Amino acid sequence: MVDVLPAPAPASGGTSPLYGEPPLIEVQGLTIAYDGQPALRDISLDIFRHEIFGIIGPANSGKTSFLRALNRMDGFNPGMEVRGSIRLNGKDINAWRNVYALRSRIGVVFPLPVGLPLTVYDNVAFSPRLRGIRKKAELDEVVERCLTRAALWDEVKDRLDSLGSLLSGGQQQRLTIARALSQEPELLLLDEFSIAVDPVTTMRIEDVLRELRSELTIVLVTNLVQQARRLADRTAFFLMGEMVEIGVTEDLFEGKVGDERTTGYIEGRYG
Amino acid sequence: MFTATTLNRRSYRTQNVARAVFFLMTVTLVIPVLIIVGTLVVKGGPAISWEFLFTAPRDGMTAGGIFPALVGTVWLVAVALLASVPVGVAAALYLSEYAPDNLLTRSINLAIINLAGVPSIVHALFGVGAFVLFFNIGASILAASLTLAVMTLPVVIVATRESLQAVPQAFREACWNMGATRWQTIRKVVLPNSISGILTGVILEVSRTAGETAPIMFTGAAAFVAFLPASVFDQTMAMSYHLYYIATQQTGVPEEVTFGVALVLISIVLLMNAISIGFRVYLRGLKKW
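Residue numbers (our numbering), protein chains in the order written: chain L, 1 to 271; chain B, 1001 to 1289.
Rather than coming from a laboratory, the hints here were simulated on the basis of the structure.
No more than 20 Å apart at the CA atoms, straight line, and that leaves these computed lysine to any residue pairs for SDA-like:
#1 B:Lys1188 x L:Arg129
#2 B:Lys1188 x L:Phe76
#3 L:Lys136 x L:Glu184
All values reported here derive from a predicted model rather than from experimental measurement.
Isolated chain B (complex conformation) (with noise of 0.2 Å):
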């Protein structure tokens, strides 16, 4: 009766050095990432001030501060934002709640997906063909901006028909069995409850953004602007592009400065991270079912 079989006993082993396997590559995961924000932080804590934060810099990037660079960055990611969330969240929508399964349809997606896949140096070239050459926008924050509109939309689209397809097909019927067109049911249902999952995958795209240096640095992004932008036609110093340029380009740089900017452009990413997953902690308290 109640005693372990030989084969009892097997499965258990096995069990516990699964376990053990997954957890040491969870570990081998997270190595590198504290190795790489140990590395910041001790290296370039010292440089941060209110200074270094709010002065632009001086003595040929060697001193002060990188404050025209914070300031082209949340330019740059404000007007991608723009251009690219209605689209992409519009794009979604009709994949996902009125394209009929056919060949275009699946045309689309798989284009999405290849969209995704284009490497940045490629979207870079792109956009300087498309916005600075043939609509003669000029190198300007607009045409760096709508180049990496382009770059994120299928990050937009996917997340966006992700949450909406996370909506239970069920809800969406018994709307259409009252008479509901498909828009009442989107208004009145599916957004309601999905818009959690967009707006993690909106944020998430702000934070790739934020990080982006082939891109911006033919369409837009200058080593050096005295002043800060007055408008989406100017060129802008940028986080990304600063750190590249300093870290390859310029000699004389302090070390510490350096490790600086890197820190302050990675706290930017994770602290939107964390906008976005609080955000998503919040509004999947709210769903409703």
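Okay, chain L solo, but in the shape it has when bound (with noise of 0.2 Å):
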């Protein structure tokens, strides 16, 4: 059996998610445990192809883990027990023998940015290595591609050569962006990517993200409210471990909610 996908559907105008087709992802009944002690309850939802969805909710509410779940992480945490079921492009993620194949096609950014002991050159460059770019004007193609689109290149285009974990947090988170994109996954995951980011910057890369949505499915896992209202097409809201609401942004911040609590969330009364 072949693991991969088939190439994504022509954005047919432009940039409006495919609701009309079968989903990207389809999560049923998924509940997450750390060491018996549950993190999400009974999560059912369809994510579609081009869609940015976005995830909100205070700390403690699942969110994170739900990522986890999707790049199959609980392959490094042995406490962490996942049920449930989650089907990518109709495929059962846990029937991908090569684990390595599922994971080098989604792309993922963790809030502590992780700049691996390699010159910033070599960061970027390592994903495309391990799918065989072995030409180095190619490799310098990616590599400025990137981080431009990380909104990094003008910073670091004079010092490819020094370690990537020695630049600063902030320049770090964004090097783990421009990681995560020469993957060229086909899903990007992002917990929270802009922690560590000035607000101008944050809003560069939010323009890249929204350009990015042609060619691929981005999931926003955000504690900034705005953030979500900026960038995602629907949002769902998390809080303790559930799933309270989900629906067209929009319709979240203009009130249009199923349940108070949200309406709370959003406006700050807590969280």
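Since each chain sits alone in its own frame, please combine them into the complex, following the hints.
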């Protein structure tokens, strides 16, 4: 069996999500526990191609666990237990025998940036090299494109040979974004990608994400409700491991909600 | 306002007492080392000469040099390293990077700790039984070196595993998240950042191997061999065993010769330790976080 996702369907009508087609991700009854302690309970939702799907919620609501499960990171942590089913492109992610092939198609960015102890260049060229790209010119091109998209190129173009792990926190975070983009992922998972990035740079990255929507699907976990409002087509609200609300982002912010707690969180009454 | 309370003064005194006690203990630790090295240099120093280092013993080992023993020790150490380093590093890589945390892995770890605790004389008897007799290698450099290798394997494994585990887990997860396999992660990120610790462990093992007597005395070391070893199937003299022999089994050996042999042996070990420390400092400077 060959583990290959078919190429994404061409985005008809520019960047609008393909709600009419079968979803890219189908989550059914997803429950996650750490050493028996539940972190996420019985979540079911669909995410469509070329959609930016926002997840908001206070700390400890299970947002990050959800992303970890999508990338099968439960394999890193023996205490993490995932039940229910996650279908990617119609196929259960646990049916991928070659989990590395699955992960190589999914880019992830976590709030604590990890610059690998390699040069800036090698950090971004790591994944292209895994894909078998060897030509210097080709690698140069990928590295420049990804660093530019992550709004980091101007700051590091003169020191691509210095260590990625020695960049400042905000720069490392953008380096991680560039690395995720260098995978040429079909699915991008962002977990508070802007936590250490200044507001102006954050806006530049957000613009890039809007452009990228024509190429890929993004799941955006954020603590900044306004960021979800700016970017997400639909948004889910997680609270204490449960999905309280899911809907079109603008509806949530205009108070068209099924649960009063959603409005309470968005207006900052708790969280 | 800004005056010390009784509690401040008391904690200050306690802290000074604690520091004095720890300092005294540290000095106590250094004293035996100084006495040993000092005695050896004073009593053995006069025996050291080019002739002593590069000729064979004469006159029932009461005169002449230690050249065959020096060469023999180099052989034993080199062959033991060739046997133990590949096995030890591979085992450590498996245990640290691949093995799931289950009963089998824990049993293996326990076995390694126990292997490290086996007295060297027991290793010696195991070496006789296994290599000399069962595999029928006979008393030889090969049998002695394999015995040494078995004995030092736990050191290599533990040192390697510890330096592997000093590489932050976050680096591994970042690689895995990009779809790198475990082996790609090891080769590109884990090994380059742990090689200094691994090499240090290996060199420390070398110095330990050079000083061991019991494991080689039944398996390949001889009190006197007139020629230098030509292959791993020959018996050989060795520094540690030579020292044991002239100090306890042979009469009429001048005191300065005995101390001279001890001085050369300890110099080899200290030299290797110094190289190991130098290596660690050098490679630590290359480390990338």
